[in-house]
Amino acid sequence: MNRKIPVIDYGLCMACGICVAACPFGSLDLTAVGRDGSGNAFPELAAPDTCTGCGLCAKACPIDCLAMDERG
Amino acid sequence: MMKGCMGKLLFVDLSTGAFTDRPVDEETYRRYLGGVGLAARLLYDEIPSGADPLGPDNVLGFMGGLLTGTGAVMCGRWMAVCKSPLTGGWGDANCGGTLSPAIKQCGYDGIFFKGIAPAPVTLVIDAKGPRLEDAASLWGKDALETEEILRRDFPGKKRPAIAAIGPAAEKLSLISGISNDGGRYAARSGVGAVMGSKRLKAVVLAGAKPISCADPRGVKDLSKRYADKVRRLRLPRLFTGRLLPFFGRAMGMKLVVPVDGMLLAAVLKKWGTNYNNTAGIVSGDSPILNWRGSVADFGRRRYRKLNPDRMRRRETRRYHCYACVIGCGALCDVRDLTGGAHSHKPEYETTAAFAGLLGNDDLQSIYVCNDICNRSGLDTISAGATIAMALECFENGILTKADTGGLELKWGDADAIVRLLKMMAAREGIGDVLADGTRRAAERIGRGAERFAVHAGGQEPAFHDSRADPMLGVAYAADPTPGRHTISSSQYYNPSHLWEFVPWAPRMTKPYAKSKEYEPGDVEAAKSAAYICYKQLADASGGCLFAMITGVQHWRLFDFLNRATGWERTAVDYMEAGRRMQTVRQLFNLRHGIDPRSIVLHPRMRGEPPLREGPLAGRSLPIEEMVRGYWTAMGWDETGRVPDAAARAALGLDAAAEDKS
Amino acid sequence: MRIRVYAPRFADRTRIDDDGFVDLPSGATLDDLLKALKIPFRPGAALFCTVNYARVPRATALQDGDTVGFFSLVSGG
Numbered sequence: 001m002n003r004k005i006p007v008i009d010y011g012l013c014m015a016c017g018i019c020v021a022a023c024p025f026g027s028l029d030l031t032a033v034g035r036d037g038s039g040n041a042f043p044e045l046a047a048p049d050t051c052t053g054c055g056l057c058a059k060a061c062p063i064d065c066l067a068m069d070e071r072g
Numbered sequence: 001m002m003k004g005c006m007g008k009l010l011f012v013d014l015s016t017g018a019f020t021d022r023p024v025d026e027e028t029y030r031r032y033l034g035g036v037g038l039a040a041r042l043l044y045d046e047i048p049s050g051a052d053p054l055g056p057d058n059v060l061g062f063m064g065g066l067l068t069g070t071g072a073v074m075c076g077r078w079m080a081v082c083k084s085p086l087t088g089g090w091g092d093a094n095c096g097g098t099l100s101p102a103i104k105q106c107g108y109d110g111i112f113f114k115g116i117a118p119a120p121v122t123l124v125i126d127a128k129g130p131r132l133e134d135a136a137s138l139w140g141k142d143a144l145e146t147e148e149i150l151r152r153d154f155p156g157k158k159r160p161a162i163a164a165i166g167p168a169a170e171k172l173s174l175i176s177g178i179s180n181d182g183g184r185y186a187a188r189s190g191v192g193a194v195m196g197s198k199r200l201k202a203v204v205l206a207g208a209k210p211i212s213c214a215d216p217r218g219v220k221d222l223s224k225r226y227a228d229k230v231r232r233l234r235l236p237r238l239f240t241g242r243l244l245p246f247f248g249r250a251m252g253m254k255l256v257v258p259v260d261g262m263l264l265a266a267v268l269k270k271w272g273t274n275y276n277n278t279a280g281i282v283s284g285d286s287p288i289l290n291w292r293g294s295v296a297d298f299g300r301r302r303y304r305k306l307n308p309d310r311m312r313r314r315e316t317r318r319y320h321c322y323a324c325v326i327g328c329g330a331l332c333d334v335r336d337l338t339g340g341a342h343s344h345k346p347e348y349e350t351t352a353a354f355a356g357l358l359g360n361d362d363l364q365s366i367y368v369c370n371d372i373c374n375r376s377g378l379d380t381i382s383a384g385a386t387i388a389m390a391l392e393c394f395e396n397g398i399l400t401k402a403d404t405g406g407l408e409l410k411w412g413d414a415d416a417i418v419r420l421l422k423m424m425a426a427r428e429g430i431g432d433v434l435a436d437g438t439r440r441a442a443e444r445i446g447r448g449a450e451r452f453a454v455h456a457g458g459q460e461p462a463f464h465d466s467r468a469d470p471m472l473g474v475a476y477a478a479d480p481t482p483g484r485h486t487i488s489s490s491q492y493y494n495p496s497h498l499w500e501f502v503p504w505a506p507r508m509t510k511p512y513a514k515s516k517e518y519e520p521g522d523v524e525a526a527k528s529a530a531y532i533c534y535k536q537l538a539d540a541s542g543g544c545l546f547a548m549i550t551g552v553q554h555w556r557l558f559d560f561l562n563r564a565t566g567w568e569r570t571a572v573d574y575m576e577a578g579r580r581m582q583t584v585r586q587l588f589n590l591r592h593g594i595d596p597r598s599i600v601l602h603p604r605m606r607g608e609p610p611l612r613e614g615p616l617a618g619r620s621l622p623i624e625e626m627v628r629g630y631w632t633a634m635g636w637d638e639t640g641r642v643p644d645a646a647a648r649a650a651l652g653l654d655a656a657a658e659d660k661s
Numbered sequence: 001m002r003i004r005v006y007a008p009r010f011a012d013r014t015r016i017d018d019d020g021f022v023d024l025p026s027g028a029t030l031d032d033l034l035k036a037l038k039i040p041f042r043p044g045a046a047l048f049c050t051v052n053y054a055r056v057p058r059a060t061a062l063q064d065g066d067t068v069g070f071f072s073l074v075s076g077g
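Chains as they are written, first to last, in this note's numbering: chain A, 1 to 72; chain B, 1 to 661; chain C, 1 to 77.
Simulated from the structure, these hints should not be mistaken for laboratory data. Treat each hint with caution, since some may be false.
[What the hints assert, rightly or not] With a straight-line cut-off of 27 Å between C-alpha atoms, the simulated DSS-like cross-links for lysine-lysine are: (1) K4(A) to K224(B); (2) K157(B) to K171(B); (3) K254(B) to K59(A); (4) K224(B) to K3(B); (5) K254(B) to K38(C); (6) K514(B) to K4(A); (7) K38(C) to K510(B); (8) K59(A) to K128(B); (9) K38(C) to K514(B); (10) K35(C) to K3(B); (11) K59(A) to K514(B).
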């Protein structure tokens, strides 16, 4: 099944957590710590099996750094 | 039809277990927006005058902000509202964390509790709606453990946002607050005691309703521009914690210059509020030894131990409140100190409360005190201030070892401070006397203890010295929630750039002599009024104080509001809404019998007598005249009362009468 | 060109107008601005300087409407 999943541009992401809160299924979490040495905890698809591809996260991101993409 | 709001509030009657939805009409949102403003208007009617703040007639509210969840950055704050048991008047406490969007995702702009539950309960809201669950097994557990258990046992997939109280609030400490996300606190006004009095142990929110926005593209455009600036800002590596005292010295200079508040984001990204640990002592901002001392009593050899670079070494990760792109928070590893796992770091206020205020330079003990407060629920500001009073009372023989159960209280004795704090958290021995803050403690102790009870209207001021900033003194004395440092000050006003949007806000584009801030006049009064109106708008929107400080030319509050709601209002009109909300908060106090003139700053807060040493030597505040100036600028009279016509207008009574006719 | 400047206390403010702007010839660099404000130790000072919220080399040419600031502290919070 070619369901889309969220893909985050970590060069732009500011770890604000809006995408995590927008997800109705708890698929995203702020568990990607230490990506850039800043100590920030970035979002990642922590529970991929729960993701339905609804795209609410991408819609909610205030800085457009999250897009829905085909599963790799 | 406006967007951004949820259209209704939830009322929970804890005495009966009944849930009631209360719709809100657009006109009400237009007048009071959301957050504190909306709650104040509602509770003005709901809470009868004379209500016991710890009784069934008090109403405790949890408010999201009008902009929360619309894509507006920096708008993730939530507020607890009630009649304050600490001051007897309006109470509100502001907090970051994760609760604000969760409130709205349950379908409400706010959740209100009245009555008292017959046994401890937790409110849970998920896709099925609200329910009260038995919390007997949680009662007595600390706030962090409570949240862990609730999170572990929560059956749904969506990570719930949880707010909980600890044992100090259960024991009705008037200086206790409400925890969210493992130790972010709505700490002031004694909101924790109100929650405890209702036997409400926790609130667990796991809704997923969408939050509307009129112009999502337009809101995102503003958010992106703000985020871009924050992303670009980076301090030079040369700017280490050792430089902070030098910058602190610059803060205390005789000339005030225009500042671009946006650059503060770089400082906050690196150290959070702890940049002020050492800078504040050098500048005079941080009160020392219960407001009687200065850097002369707590010099470099001692304050350098509080260098925030040392605190960064304990950090395991940075922490952002919901919707924040700066991320001033952090989680720390304190297992060697408290045995506990990750803990939110001690903020500047907490550090100042247990360090300079008490003559204590033991940084480890600051972490321990922070942990005790976070778990028990004690407000770190009021707890530190009350301990300072106890130390000074002991020094003067007003308290003795007979009173303290043999504990010798000395300035700078970290072990004694920690032991005393534990006693306060548990309400044991002398801790029971101190657990309700300085004013109550002074009443119970007698023997002249009130000389050392530093408070304004019953609430202890935070650790920003009003002798350094008279406009801050006005906020300490005149806000309906006295003693709060997050309301208004010259330091906040100067970078605000309000004048670029609001013609009546005084311009701050040229340097001026610091001494001008100590001269009452129309300009100073207008600055206080303007900032306080702006503050009310931020509190209605869910906005963070740090976003306000970066400046409204960057964090474009007025534009965010229009684009999120679909309204087309001017900044002047929004500021009128801010004035209206502040007037309602003032009316609440008047209705509950508080004479505004009775809220007097402790003499040390107004420099009577002035300090003789340190950067604030010789400074005192013409506070009464400045407060009268602020009242006049708000359209009230010289006693702080609101004239009838202005009161009716603020409460919307004339409009309501027109509707009925 | 008009550059919006938030200068530190010790700067010479003769060239800053009442609205907080400095007039500079087009092509002027950040270093030229620091000279105009008589800020000492320009290489070091430039480290604490931002042009439109980013740190840039001293030789960077400024554009009309740029904002130049210096890191400082605000108390509160």
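Verification of the hints:
no.: 1; hint: K4(A) to K224(B); result: holds, 25 Å
no.: 2; hint: K157(B) to K171(B); result: violated, 34 Å
no.: 3; hint: K254(B) to K59(A); result: violated, 49 Å
no.: 4; hint: K224(B) to K3(B); result: holds, 21 Å
no.: 5; hint: K254(B) to K38(C); result: holds, 20 Å
no.: 6; hint: K514(B) to K4(A); result: violated, 59 Å
no.: 7; hint: K38(C) to K510(B); result: holds, 18 Å
no.: 8; hint: K59(A) to K128(B); result: holds, 25 Å
no.: 9; hint: K38(C) to K514(B); result: holds, 23 Å
no.: 10; hint: K35(C) to K3(B); result: violated, 51 Å
no.: 11; hint: K59(A) to K514(B); result: violated, 47 Å
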